[in-house]
Amino acid sequence: MLNIAVQQEDFDTLALYRQLTQDNIQDGAIVTFVGRVREFNQGHDIKAMALEHYPGMTEAVLRELAETAVERFAVNHISIVHRVGELRLADQIVFVGVSSPHRKDAFAACQWIMDTLKSSAPFWKKEITAQGTRWVTAD
Amino acid sequence: MLNIAVQQEDFDTLALYRQLTQDNIQDGAIVTFVGRVREFNQGHDIKAMALEHYPGMTEAVLRELAETAVERFAVNHISIVHRVGELRLADQIVFVGVSSPHRKDAFAACQWIMDTLKSSAPFWKKEITAQGTRWVTAD
Amino acid sequence: MLTVLFFGQLADILKCRSLSMPSQRITTVHDLLSILQDRDPKWADAFADDKLMMAVNQTLVEAKHPVRAGDEVAFFPPVTGG
Amino acid sequence: MLTVLFFGQLADILKCRSLSMPSQRITTVHDLLSILQDRDPKWADAFADDKLMMAVNQTLVEAKHPVRAGDEVAFFPPVTGG
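Residue numbers (the numbering used here), protein chains in the order written: chain F, 1 to 139; chain U, 1 to 139; chain G, 1 to 82; chain Z, 1 to 82.
Next up, chain F with everything else stripped away, as it sits in the complex (with noise of 0.2 Å):
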């Protein structure tokens, strides 16, 4: 099972949790990863943060990227959910979930999956500060 969305609303982790899980009895190791808005991005203080992206070309790299992951990691089921749109402070942003009969794969594949996700998918945050607003940069 490969889940991808990317939304404005909300995302419910553990409805997400479920459908890893579901009717899934060979995979023992369920590895999620949730990002957030925080408190201090760059040493500015937020309020809120906006996320532009590239429609179409976001969920196709995202459905490529869980398709790669199924292809070199042993992982079954992968759950990518990226939220778009006005976010504020500690708002979800990314839920990744995997489920693998083996708990390093599934380390390795969310892990990997993130990592890819931040360097390649078309999504670019623009934080509201006090002082107004600003793109983020890249690392």
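Honestly, the hints are just simulated from the structure, not real lab data.
Every value quoted in this text rests on a predicted model; they were computed, and no experiment measured them.
Don't be surprised by glycine CBs; every beta carbon is placed ideally from N, CA and C.
Among the clues, some could well be false.
What the hints assert, rightly or not - Reference listing, derived: stretches of chain U covered by chain F, where coverage requires no fewer than 3 residues with Cβ under 8 Å from a Cβ of chain F:
#, segment
1, 10-19
2, 24-34
3, 50-64
Said to hold, decoys possible - Computed spacing ranges between beta-carbons, pair by pair:
#, chain 1, residue 1, chain 2, residue 2, range
4, Z, R39, U, S120, 24 to 30 Å
5, U, Q22, G, T27, 53 to 59 Å
6, G, A63, U, D10, 53 to 59 Å
7, F, R134, U, G56, 51 to 57 Å
Place chains U, G and Z on chain F using the hints.
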């Protein structure tokens, strides 16, 4: 926040996730691991599993794991829950969740805790198969 | 014709999110970049950034990648999602 | 006196989960191991396993670790939790 529990009853993944993130605006990265009873362990058809432990030492080892992880990695909150007693196919066995300002620390800490738990926390699994019971041997 | 898209800070700098242009004389993304840079000094600066990312038909590519009539070509700063 | 505990398959093999014994003549876990091995051939075999893990007062130790009156000493096979 360090949350450590050894218990017979099932755990609520969403409640544990919320405990890691509520009132927590410093940590943008949350990684969780859930281990479950899976269909085939060491080639046997599992009906159920019994988990024995060393009461007292178990809790002490898990607490020390969490304390060491806080020193070794940039993580702020850690939750470790491990079940004991009889478990059935697809039941949850263990939850490890960590929150960090940094994605890499969150992944590294969660994986380190699981690896070290596997080699040092005093739990022993007995498999109940159609052929009888057998102790699981370490890798 | 080509559809050309800009995202993130690049769109803000150019004050442009998309444009259509004839595909004659353009065989690679690099050719398209040269034409965009010739529009005015601000565009020249914006496209001189060697960290700029580019995609043809929604797949990341290098500047040497071929471009054909009907393609959707996008330019954007390094991505910052996740 | 010492409290001595056994877990997992080791407890099944020994048919014993715990025992109390005098701490005289015992200064290390290794001394205790020798006494346990001398009980009977089955015990000798069980404690000859070099993968056996041991703990004093609920902390993992090596066989050379000191043992004192009142200590809780535990022996068990490699752990298989998680």
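Against the structure, the hints come out as follows:
With 3 residues bearing a CB less than 8 Å from a CB of chain F, the segment 10-19 of chain U meets the requirement of three and the coverage assertion stands. By the rule of at least three residues with a Cβ nearer than 8 Å to a Cβ of chain F, the coverage given for the segment 24-34 of chain U holds, with 11 such residues. Check result for the segment 50-64 of chain U against chain F: violated, 0 residues qualifying (beta carbon to beta carbon below 8 Å, three or more required). Distance hint check: the CB atoms of Z:R39 and U:S120 are about 28 Å apart, consistent with the given range 24 to 30 Å.
Checked against the hint of 53 to 59 Å, the pair U:Q22 and G:T27 passes, with Cβ atoms roughly 56 Å apart. With their beta carbons about 55 Å apart, G:A63 and U:D10 fall inside the hinted range of 53 to 59 Å. Range check, F:R134 to U:G56: Cβ separation about 53 Å, and the 51 to 57 Å hint holds.
Going through the hint list in order, the structure does not satisfy hint 3, though it satisfies all others.
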